[in-house]
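Order-wise, the sequence lines are chains A and B. Using our numbering, you'd call the opening residue of the first sequence number 1 and step up by one each time. Using our numbering, you'd call the opening residue of the second sequence number 1 and step up by one each time.
If you are wondering where the hints come from, they were derived from the structure by calculation, not from laboratory data. Don't be surprised by glycine CBs; every beta carbon is placed ideally from N, CA and C. Some clues are possibly wrong.
Claimed, not checked - In the PhoX-like style, the derived pairs of lysine-lysine whose C-alpha atoms are separated by at most 25 Å in a straight line are:
1) B:108 <-> B:9
2) B:108 <-> B:15
3) A:41 <-> B:108
4) B:108 <-> B:73
5) A:41 <-> B:22
6) B:57 <-> B:108
7) B:9 <-> A:41
8) B:9 <-> B:22
9) A:66 <-> A:41
10) A:55 <-> A:14
11) B:65 <-> B:15
12) B:65 <-> A:41
Stated by the list, open to error - Cβ-Cβ distance ranges computed for the label pairs, FRET-style:
13) A:59 <-> B:53: 26 to 36 Å
14) A:12 <-> B:55: 19 to 29 Å
15) A:13 <-> B:58: 29 to 39 Å
16) A:72 <-> B:5: 31 to 41 Å
17) B:64 <-> A:54: 34 to 44 Å
18) B:15 <-> A:20: 41 to 51 Å
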Amino acid sequence: GAVVSQHPSWVICKSGTSVKIECRSLDFQATTMFWYRQFPKQSLMLMATSNEGSKATYEQGVEKDKFLINHASLTLSTLTVTSAHPEDSSFYICSASRIAGVTGELFFGEGSRLTVL
Amino acid sequence: AQRVTQPEKLLSVFKGAPVELKCNYSYSGSPELFWYVQYSRQRLQLLLRHISRESIKGFTADLNKGETSFHLKKPFAQEEDSAMYYCALTAGNTGKLIFGQGTTLQVKP
Chain A
1 GAVVSQHPSW
11 VICKSGTSVK
21 IECRSLDFQA
31 TTMFWYRQFP
41 KQSLMLMATS
51 NEGSKATYEQ
61 GVEKDKFLIN
71 HASLTLSTLT
81 VTSAHPEDSS
91 FYICSASRIA
101 GVTGELFFGE
111 GSRLTVL
Chain B
1 AQRVTQPEKL
11 LSVFKGAPVE
21 LKCNYSYSGS
31 PELFWYVQYS
41 RQRLQLLLRH
51 ISRESIKGFT
61 ADLNKGETSF
71 HLKKPFAQEE
81 DSAMYYCALT
91 AGNTGKLIFG
101 QGTTLQVKP
């Protein structure tokens, strides 16, 4: 149990286009989902916290108009990278916490690698 | 500011040797500390949390508030322990995790 799935696993797009990445909790309801970004050989950088039915909370330095997050249901959150540029190329990882789950225990997706040409 | 520091990018040991992955944190309140592990080609997963004070796969970690550390230890490393290890903390009730830079543990036969 507690599986989080991301789609797509990898995507290549042209500069200026928008890309949507989905994060689904397959067998549990997620009160909160978190979006991370990971550069090669670096740590996970928290981008935003996504709560179902409310606006996402962005970390300092993360452009909310650039990285649109929608959390329409307890099992789905989406990250849309708008007007993508090569510097947005990265590995994006989502994670989810369960309702009444263990504090700090997050379940991670497999990640989505974005390459912007 | 909340911060987690893992000073070693790579730790290489021989099978059967003791292992200690260092983690220091900075947080003004009472944080909850965790170790997450990522095996090759797998997703990140929880290894252990300080509150539970348990041993998972032979690993233990003790929270030292005086030294603001949460080092991960194992007395005898196994080859299957080779992975990327991340120390993380959560502060407040937001549930969000702040990760350290990660340490790659390489256990040689």
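Subject >> Hint check against the structure, violated hint numbers in rising order >> reply: Hints 10, 11, 12, 14, 15 contradicted; others consistent.
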